[in-house]
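Q: Whenever a hint applies, use it, and build me the whole structure from the sequences.
Protein sequences, first through last, are from chains A and B.
Going by the working numbering, 34 is the number at position 34 of the first sequence; the sequence numbering is gapless.
Going by the working numbering, 1209 is the number at position 209 of the second sequence; the sequence numbering is gapless.
Treat the hints with caution; some may be incorrect.
To be verified - Between beta-carbon pairs, the in silico distance windows are:
1. B/G1205 / A/T87: 15 to 25 angstroms
2. B/S1444 / A/E41: 47 to 57 angstroms
3. B/K1271 / A/A69: 24 to 34 angstroms
4. B/D1052 / A/E41: 51 to 61 angstroms
Hints are computed from structural coordinates only; laboratory data are not their basis.
Note that the structure is predicted; figures quoted are calculated from it, not measured.
Glycine included, every Cβ here is placed at the ideal spot set by N, Cα and C.
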Amino acid sequence: MTLKSNLKNILLVIFATLILSACSTAKKTGDIDGDVYTGKETVEFLAAGVPDRVFFATNKSSLTTASRATLRKQATFLRKNKNLNVTIEGHADERGTREYNLALGERRANAARDYLMTYGISGKRISVISYGKEKPVNPKSSPLAWSQNRRSVTVKVN
Amino acid sequence: MKKILFTLLFYFIFLIKSFALIEVDITRGNLDPLPIAVSPLHVDVKSDNFKDLKVKELGENISEIIEKNFKNTGLFNPLKKDAFVQKPDIAHLKPRFEDWRLIKAQALVTGKLLIKNEKLKVEFRLWDLTAAQEMTALAFTTTPSNWRRVAHIISDKIYERLTGEEGYFDTRIIYVAESGPKSQRIKKLAIMDQDGSNTKYLTLGNELVLTPRFNPTNQMVTYMSYFRNMPRVYLLDIETGTQEVVGNFPGMTFAPRFSPDGTKIIMSFAKDGNSDIYTMDLESRVVERITEHSSIDTSPSFSPDGKFIAFNSDRSGLQQIYVMRSDGSNVKRVTFGKGIYGTPVWSPRGDLIAFTKMHKGRFYIGVMRTDGTGERLLTENYYQEAPSWSPNGRVLVFYRETKAGDKGEGFTAKLWSIDITGYNERKLSTKTDASDPSWSSLLSK
Chain A
1 MTLKSNLKNI LLVIFATLIL SACSTAKKTG DIDGDVYTGK ETVEFLAAGV
51 PDRVFFATNK SSLTTASRAT LRKQATFLRK NKNLNVTIEG HADERGTREY
101 NLALGERRAN AARDYLMTYG ISGKRISVIS YGKEKPVNPK SSPLAWSQNR
151 RSVTVKVN
Chain B
1001 MKKILFTLLF YFIFLIKSFA LIEVDITRGN LDPLPIAVSP LHVDVKSDNF
1051 KDLKVKELGE NISEIIEKNF KNTGLFNPLK KDAFVQKPDI AHLKPRFEDW
1101 RLIKAQALVT GKLLIKNEKL KVEFRLWDLT AAQEMTALAF TTTPSNWRRV
1151 AHIISDKIYE RLTGEEGYFD TRIIYVAESG PKSQRIKKLA IMDQDGSNTK
1201 YLTLGNELVL TPRFNPTNQM VTYMSYFRNM PRVYLLDIET GTQEVVGNFP
1251 GMTFAPRFSP DGTKIIMSFA KDGNSDIYTM DLESRVVERI TEHSSIDTSP
1301 SFSPDGKFIA FNSDRSGLQQ IYVMRSDGSN VKRVTFGKGI YGTPVWSPRG
1351 DLIAFTKMHK GRFYIGVMRT DGTGERLLTE NYYQEAPSWS PNGRVLVFYR
1401 ETKAGDKGEG FTAKLWSIDI TGYNERKLST KTDASDPSWS SLLSK
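A: Below you can see the structure in the form of structure tokens.
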């Protein structure tokens, strides 16, 4: 067997192990799917049926299917209330360095903003601010609390 | 500050080029600290009173500060004074070496002071007891209210003589003082002497403030503030209290640090979900973009020669440390170990980069060579980050947080220091909870 095919085999095994371990960690426990919060606790509403926040996985700023559904409701609400402006606050959990978390919060808030904009809301109506890990909604040091804190929150400004 | 910073009148009494028998190796963890006797400084009976200063106790108080400084290095073992065998004034003239050796001391510090016409005159001598000779002697004059700094300067001189390295006692630490419940923390800029005394608050706590850093060449500070809910980098003169926003950026600026010559601020600017690194020249106000990448680029830190920048980026997927030339070219990833890496800070000696590492839910402070090799993890804990170097590059100060319960109870944030040998970890005394420490340069240099 050549060295090359040997390496290939090793890589395949590593890859398979990674997939397996990824499956075993991505468990659904209560209000957390993967490590994205899916529950109702801490959520407030911009109007009836319009949740104010979406949640993120650790170190990620991509929007889940549920987050996109929430943001579409926000977009519909903002289209109906044309004089309303909002600020999107981006947040991170406490398990990361402060400066990186400031950047991550900014990226999360902008992910939500971009999505609202693709649904026809003018960027001029949406300002963005990152608080990094400075304003946890749940002060507990637990995976559930951290999942609730990895969020972007749409706040009415007028 | 210049008013507080005093004019030190140094003059050497006499300096013997002796070959000393004692020396302290600070490159390894020292498990056998040098026994040192610090005699109280003799207070001249002709001394005047000065304001509310307890002049009679001043010699004792100065020696206690020196002892505390030495003890905190982990390199020295200051001996108990009740075993001392000679009066301070007599020992200062010429110690009976064999008597001091009897109490197992290897080095002896003696001194005397006089307050006259609102001036404090201090002299001290360091004696090598084994070789039975004087190692160094120094006298200086200052205003009496500077007596604590006198103790720190004496400590620095002795540390330098015994270790061959510059000291770090006549320094200050700026940090963020924290109070209130975890989800509504009140944060103020605070400054204290390196030993925890003279705490002063520089902001009132009305707005969130983060990451203060000293200019290595003067008493300016750069930090981040949410003043008027606009997260921006500020410049603060701690002498006058004046502050200003750095640059005219349309979005969040953060993670500021000075260049080693103090003429520029390097920081991140975040816009539209992307953070890149910029510098601003403080005099010309010219802004330069250093990185241009769709990933997060933050936590920049110059090498002491100004030629390179270490920074934090997630361009490979997760947070890693990169090094580039100061013009942004030649970007190289340097961390490849297990876990993710943040907060690179270049040592003032230039040889190492300190960092925070996160792996399997644990946080580490470590050092590595500037090409990423030779990684050494110094301390592991539940949460800790943000190392800052002592000006001689031998000690790191950082902050550590504890786990919080259901309502956030049990949460604390404290400053800690550790030698780069990995030994001598200790908690700094702060009046409140504390985070984001930054160590100043030596004040009298």
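Q: Now tell me, hint by hint, if it's right for this structure.
A: Results of checking the hints against the structure:
no.: 1; hint: B/G1205 / A/T87: 15 to 25 angstroms; verdict: 23 angstroms, holds
no.: 2; hint: B/S1444 / A/E41: 47 to 57 angstroms; verdict: 56 angstroms, holds
no.: 3; hint: B/K1271 / A/A69: 24 to 34 angstroms; verdict: 28 angstroms, holds
no.: 4; hint: B/D1052 / A/E41: 51 to 61 angstroms; verdict: 56 angstroms, holds
Consistency with the previously given hints is maintained throughout, with no hint failing.
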